[in-house]
Amino acid sequence: MKFRDKVVLVTGAGRGMGRAIALAYAREGAKVVVSARTARYGEETIEQIRALGAQACLVGGDIADRDAIKSMVQGGVEHFGGLDIVVHCAADTSHGLIAEMADDTFDHIVRSNIQSLFWLAKDSAPYLSKAVDKGRLIFISSGEANRKYTPRLIAYGSSKAFMNSFARGLAVEFGAMNILVNVVEPGLIGTDHMLETLGNDLPHKLAAHFPVGRLGESADIANAVLFLSSNEASYITGTSLLVDGGATMIALPKVEEILKGQ
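Every letter in the sequence shown is one number past the one before it in the numbering used here, and letter 16, counting from 1, is 16.
One or more of the hints may lead you astray.
Derived lysine-lysine pairs resembling PhoX-like cross-links, with alpha carbons at most 20 Å apart [stated by the list, open to error]:
hint	residue 1	residue 2
1	2	130
2	70	2
3	260	205
4	134	2
5	70	122
Note that these hints are calculated values from the structure, not bench results.
This structure is a prediction, so every number in the text was calculated from the model and none was measured.
Build the full structure now, drawing on both the sequences and the hints.
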């Protein structure tokens with residue numbers, strides 16, 4: 001019960017990695033503020049948390065909406081009386097060629113994956129600064145931030161590269177405020193959304209060539225997040241933890257060959 005009575009806000013907690021992270025904190029005794037754009041998914045996460053004997057509340061909203069982020073933070077604080085940890089997992093994962101992408105599609109990526117960082121950091125900082133064992137702000141980035149190019153993911157990968165840089169600067173600014181800021185960069189993780197987008201076969205074909213020859217699981221990311229918010233990581237800030245089974249070390253020509261062959 002490493003996080004007994006800690007209050008944790010997890011965005012994107014309705015499905016996939018976000019839900020796995022929320023449940024992992026609940027198993028360790030945390031009070032979890034579940035943020036989910038789709039209320040039905042958020043309610044399912046709440047039910048699973050309560051089945052573990054932990055406390056949770058639902059604060060819905062779209063991270064691309066400024067007012068929604070204010071409501072997420074305030075809702076959690078009002079329900080549980082404070083905020084110790086924030087994990088920002090929600091993101092827009094739109095695919096497409098830049099030359100063919102609509103202006104409003106790119107704008108939504110910017111609002112979801114870039115502007116939301118500023119809003120969430122600004123709104124949560126006054127509460128995280130009051131945490132007893134240092135407040136924690138953890139962003140879920142992507143291994144795409146480290147790649148030179150992956151077909152149809154330029155906008156997404158670039159937004160995650162911004163996230164990494166933003167977190168490093170924020171770690172310095174927020175250090176004096178009693179807050180540690182870090183990033184977890186997932187690789188190819190077998191979430192429902194990813195499998196719905198790429199199908200069941202392609203991800204496993206790609207993963208077979210990784211040094212750790214399997215598709216990543218949401219639990220792999222949850223474990224990394226819990227480590228970075230634990231007392232064992234109290235001297236770590238401004239870092240990016242890559243959790244990808246070695247995927248980013250695979251030669252890009254090999255990846256493109258698999259993608260073309262599908």
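Consistency of the hints with the structure:
Note on residue 2 and residue 130: the hinted pairing holds, with a Cα-Cα distance of about 19 Å set against a maximum of 20 Å. The suggested pairing of residue 70 with residue 2 is violated, with an alpha-carbon distance near 28 Å, which exceeds 20 Å. Pair hint residue 260 plus residue 205 holds up; C-alpha atoms about 12 Å apart against a cutoff of 20 Å. Annotation: proposed proximity of residue 134 to residue 2 holds, straight-line Cα distance about 14 Å (limit 20 Å).
The suggested pairing of residue 70 with residue 122 holds, with an alpha-carbon distance near 10 Å, which does not exceed 20 Å.
Hint violations for this structure: number 2 only, all remaining hints satisfied.
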